[in-house]
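Q: Starting from the given sequences, assemble the full structure and let the hints guide the process.
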Amino acid sequence: MSAPSGVDRQADEAARVETLRKYQILDTEPEVAFDDLALLASHICETPMAAISLIGEDRQWFKARVGMSATETPRSISFCTHAIEQRGIFIVPDALKDARFRDNPQVTGDPHIRFYAGAPLTTREGHALGTLCVVDRRARRLTAAQSRALAALQGQVEAQLELRRRLIELRAAYADVQKLAGMMPFCSTCEFTMTIPADPSAIPALTEGVTGVLTQKKWPDEQVIAIELALQEAVANAIRHGCRGDASQRLQCTVNITAEGEVIITVRDPGQGFDPSKVANPLAPENMLKPSGRGIFLINGLMDDVQFADGGRELQMKKRKI
Amino acid sequence: MTLSERRVGDVTILDLKGRLVFEDGDDVLRRAINGLVEQGRTKILLNLGGVTYMDSCGVGVLVQKYVSVRRKGGDVRLLHMTQRGRHLMGITKLLDVFQIFDSEADAIASYASGGSGQ
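One line per chain: the protein sequences are R and U, in this order.
Note that numbering that gives the first Met the number 0 numbers the first sequence so that position 211 is 210, with each residue one more than the last.
Note that numbering that gives the first Met the number 0 numbers the second sequence so that position 43 is 42, with each residue one more than the last.
Derived from the structure by calculation, the hints contain no laboratory data.
Be aware that a few hints might be false.
To give an idea of the interface, some chain U residues facing chain R are shown, with a C-beta separation under 8 Å as derived from the structure [said to hold, decoys possible]: (1) 26; (2) 62; (3) 91; (4) 94.
We treat Cβ as the ideally placed atom computed from N, Cα and C, and that holds for glycine.
A: Here is the structure:
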């Protein structure tokens, strides 16, 4: 595989910095979860210094630090910048013997780094945002056990970061949902069309969605319950008879809540249709104890107006708000 | 839907929890009652207090099993039917078909006083 070109590297770096922004973590207050993981890394690796660094465009900033006074450094003198360019733990056993670092002001001056080990913190997209690193003022190595422990702690820091990002995404999604829900009572007309698989497990999402909208629009509970059941019956009939239980088929359901306070629900299936006038009356003595045949009767009882069209493939039912 | 089974004397009580609707609970209940009938346990009391939602398929199973258990000399009686369940059974004129109880003790006593199924 050829090395990435300069243009590719620039694009990748821009995407990495953009991803880091999604965590909204730079310049935030210290947090115990990150502080504890840095402390554990320093104890286990027996180093006087440890940090969780995040590499921004032109600086590295420390979310957690042990034994270090600086809160950030220029990226140009950062060891971690090197660490995020590779996979696995990046180790500098003796900075004074490493041409890349021996003139680094962090080596020649405070905090006098000689040893560095950094485990890159990688996102779900594969971008390395920074490192969990341990630092010493003397040249040394990590034992195999310390390397394994550092890698395990790296996973924990990554999990904390992921949790933070999920929470941010969840809050944003919830805010969007609240905005939409908040608009519902003020929508004078509300119409939506859904296409669902002819799968019984899809019914609750549909019926609960419709009842949610009706409740938002202040329909009385008893009417919402009646409409929910009528819709349940209509969709169950369409799946069982219209689609003959074939879950690869699709049903279309349109719900229109009009400005005049009426709900009009249309359920359409792709089946053979049927003759509604030939549906038996379930209250007739010979049908009373039959196990099926009550769906359409119930829909008629629950809704104000029920019409069939297109040879029985389309059912339209209406109810007026009281 | 989940279903648990208890016995009080020769009466079997099935406690239903969840939805009793098309393809969600209806088959579980059908098979449970079939199993009881195969064991000759035909005095059945269905506790519907935990049924959150019922449709015509749920009602259909109740009717189907009511008919088949009575043919075996037993009965299916109902306990703690919710308001929504009563409304549904009312529309379909089935409230007079089933014996429906609000007290478990009364339901069990009804089997002792009324024979196996009557």
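Q: Next step is simple, just say for each hint if it's right about the structure.
A: Outcome of the hint check:
1. 26: With Cβ-Cβ at 11 Å, over 8 Å, it is violated.
2. 62: Cβ of residue 62 (chain U) sits 6 Å from chain R, so the hint holds.
3. 91: holds, 5 Å
4. 94: With a minimum Cβ separation of about 12 Å from chain R (threshold 8 Å), the hint on residue 94 (chain U) is violated.
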